[in-house]
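*Asks:* Chains as they are written, first to last, in the numbering used here: chain W, 114 to 571; chain E, 114 to 571.
Careful: at least some of the hints might be erroneous.
Note that the list lumps identical chains together, so a pair holds whenever it fits in one copy or between two copies.
[Stated by the list, open to error] Within a straight-line C-alpha distance of at most 25 Å, the following computed DSS-like cross-link-like pairs (lysine-lysine) qualify:
no., residue 1, residue 2
1, K290, K489
2, K334, K145
3, K145, K451
4, K252, K337
5, K451, K383
6, K383, K284
7, K383, K434
8, K358, K290
9, K440, K311
10, K290, K151
11, K442, K235
12, K383, K440
13, K451, K355
14, K457, K252
15, K186, K383
16, K276, K325
Just so you know, the hints here were simulated from the structure itself, not pulled from any lab data.
Chain by chain, the residues:
There are 2 protein chains.
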Amino acid sequence: MTNLILCGGAGTRLWPISRTSVPKQYFQLFGKDSLFGKTAERNRALCEKFFIAGSVDTAFLAQQQLNDAGVPKSRALFEPIGRNTAPALALVAMSVDPEEVIFVTPSDHVIADTPAYEAAVKRAEVLAKDGFLVTFGLKPDYPETGFGYIEHLGETVVSFKEKPDALTAQKYLESGKYLWNSGMFCFKAGIFLEELGKFQPMVLDACKSALKQNENHSDIKPEKSAMERIPSISVDYAVMEKSRKIRVVPCSIGWSDLGSFDSLYDFSRKDPAGNAILGTEQGIMLGSQNNLVFSQSREVALVDVEDLLVVDTPDALVVCKKGSSQKVKEIVGVLQQKNPGILKDHITVPRPWGHYTVLLDAPDCKVKRIEVLPGKRLSLQKHFHRREHWVVVSGMARVTVGSEVHDFGPNSHIHIPQGEIHRLENATSELVIIIETQLGTYFGEDDIIRIEDDFNRV
Amino acid sequence: MTNLILCGGAGTRLWPISRTSVPKQYFQLFGKDSLFGKTAERNRALCEKFFIAGSVDTAFLAQQQLNDAGVPKSRALFEPIGRNTAPALALVAMSVDPEEVIFVTPSDHVIADTPAYEAAVKRAEVLAKDGFLVTFGLKPDYPETGFGYIEHLGETVVSFKEKPDALTAQKYLESGKYLWNSGMFCFKAGIFLEELGKFQPMVLDACKSALKQNENHSDIKPEKSAMERIPSISVDYAVMEKSRKIRVVPCSIGWSDLGSFDSLYDFSRKDPAGNAILGTEQGIMLGSQNNLVFSQSREVALVDVEDLLVVDTPDALVVCKKGSSQKVKEIVGVLQQKNPGILKDHITVPRPWGHYTVLLDAPDCKVKRIEVLPGKRLSLQKHFHRREHWVVVSGMARVTVGSEVHDFGPNSHIHIPQGEIHRLENATSELVIIIETQLGTYFGEDDIIRIEDDFNRV
């Protein structure tokens, strides 16, 4: 069975944890683990093969984290633009054997009850092998209005329901006949494509065209122009709500989509006073109850407060009343005008070659800590508006400056003159860490002129 | 008239704004101005001469800020240990002409009504010249239990009262006969010493002994052993409550001691929603009312919260319910065990020669931005456990390494080998700014071996 992990979500309501360059699924929310990492970890016991589908800008994070989760090889659909779920599933289904069972999962959900989850997936696999399109229906805990519902009789789907109003959601909950539509699916590739062809022949054809250029490639990289010709449509609407081959596996697996800080609080473990404390620091709680505190490296103290969501990152802080976390979207709206950069990047920015942390960003000077993974290298590049000074902290850095290439160990200093072509490389099996001091008048990432790049960013 | 500014306060209840190395009176709480700076600014119109009294560790801050406030020359009492107010006043009174009027003020209070303040001080000066010991009595706004009270009839003091309980404070307030004891005094030096000699001859004698070594010096630097022999006693208890030459100037000057975040909120200007926003960032307030927000450089957003005190510094955050800010002392108690360093220093640390900011503090690497004031220099020093790399960002740095001295302009790099004697100096009239990358295994300030120092720190 192939696990297709959908990685497209932006997680805007979890800002400042979730940022455009590291959406919530990739953020190390629980110690070393991201939601994506936990998804891969969970599904490794159930699937032999992995396929990821997501934005070309962040897919490298999925590949790195799959690797960290012990999945060394996977395939990828790099989407130049998002077209919702049906086209993504179709493009992947066309790229595997028609008999292959595909298990589709989001990357940004949490599941607390692994045995129940595994039992449900195994049941779905059996149904998929029998030729059904299988969806997973979650037994609702409360009258949520933000999800679609499935009316069912055992594994038979009676009807799909749009997101209900509060009263309807309450009725659904009380009747016991409705399940939350989880966004997880399981089916044979060939069956899915047959059904898609029946109900959405245009989507099928447009996906076939987009795939043509990619024949014989392990990864799928459709052209942007070809993607633009594919209708944007969800798999629920395109196929599931119309097919007669549909089945549902009802399950109760301790699921949450962590769609808001309220749901992050609900899902997290609490101390005896009801405080959920996430991140590296313990926090000091004086007379404070039922709060969520997320922090990374700062001392955080709460005094005589309750029902607060306190989310603290190195460059942004949100203090929100519990129950109001949907309003984080409004903060994001304000910041789109006021400070868009803070929506895009954390101060630590991952790159396909490793990551950097901005230590200082002043008008005349920018300082970064740069970590290069073994065997990786940054692009061959130059800058028009800055000079750089590198000090090697650890590892052996292979440095190109102009036509010269030399290896530099700890305590070495390298000067990169303005306009000079240069490259930083780690040709060893140990991390390379440097401190970079940039001097000049402009330090934007768009003053990186790439001459050559291992990651196709030229 | 000489303004004696007492600078000894620690301001513990304003942590994390107030730290041991920069107590609240020196912190730039209101934009560029500190409470000390505002005190000096205020008194410059009233006094020709200035005397500061405070810890030897932080007195340089008072001298720098006096200078910034346009007071180029001042005298100082450097206290190796604190002995409360009476000895400080005595040591200063002994060091000026007996006919000189001394106006004693704290450094960490705010006064909103400058004209009323000036009128009160001028009246006090007249009374002092007539030979009285003058105290300032503030008309109370509310039944505060944290201050002492003065019972009065016009300018005549009927009695001094200890800090009252809530009921007594309420009675004092309602009677209209009581004033808050402000901690400000005005008297002729000779009269004060006479009265001190009457009631506390031991204190007078011990102060005389401590001063002996300092004859003919502008600044007073008593030996620690001599200071230890002086009884620790407040001026109220030692003299004011006993002398018959006492007078009080009742006044209403918009005074606050900013003793807690609650009083900081009360004193600060509010927006129409009752939010007081201090620091450099505006903050994003969604549905939030009557909060105090202090932040320096981070984006802070509040959603649907009210009556909170949110105090945000680069390395520590306090979220406190309004009315509970006295409990900040308890946080400090916890941190004395858990993380004492965060009680001592901000990430930006002032020094007599300028200041530095810690950008990174990792086990193998520490990065600082260092700013050296014109004409100042760091000590001639060496380190046993670190190598340093300096990159000049701006200005012309005069650098000693071993026996070599050279001037280095922007974009220069200087390497300081482990164990090598070195010095950084600014011999120009412009700021010198460098980025320092330290490599090694230990970066504590106690691995600075000073061979020579302009500030007597060898």
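*Asks:* All hints, please: hold or fail.
*Replies:* Structure-based check of each hint:
1. K290 with K489: neither (53 Å within a copy, 79 Å between copies)
2. K334 with K145: Neither, since 30 Å and 54 Å both go past 25 Å.
3. K145 with K451: Classified as between: cross-chain Cα gap 24 Å, same-chain 32 Å, threshold 25 Å.
4. K252 with K337: Neither. Shortest intra-copy (39 Å) and inter-copy (74 Å) distances fail the 25 Å Cα cut-off.
5. K451 with K383: Between copies, since 22 Å is at most 25 Å while 35 Å is not.
6. K383 with K284: neither (31 Å within a copy, 46 Å between copies)
7. K383 with K434: Answer is both: 17 Å inside a copy and 21 Å across each meet the 25 Å cutoff.
8. K358 with K290: within (20 Å within a copy, 90 Å between copies)
9. K440 with K311: neither (41 Å within a copy, 68 Å between copies)
10. K290 with K151: neither (30 Å within a copy, 70 Å between copies)
11. K442 with K235: neither (37 Å within a copy, 57 Å between copies)
12. K383 with K440: For K383 and K440, both the intra-copy (24 Å) and inter-copy (23 Å) Cα distances are at most 25 Å.
13. K451 with K355: neither (44 Å within a copy, 61 Å between copies)
14. K457 with K252: This pair counts as neither: shortest intra-copy Cα distance 36 Å, inter-copy 53 Å.
15. K186 with K383: Neither way: K186 and K383 sit 37 Å apart in one copy and 58 Å across, limit 25 Å.
16. K276 with K325: For K276 and K325, the Cα distance exceeds 25 Å both inside one copy (37 Å) and across copies (86 Å).
Comparing the model with each earlier hint shows violations of hints 1, 2, 4, 6, 9, 10, 11, 13, 14, 15 and 16; every other hint is respected.
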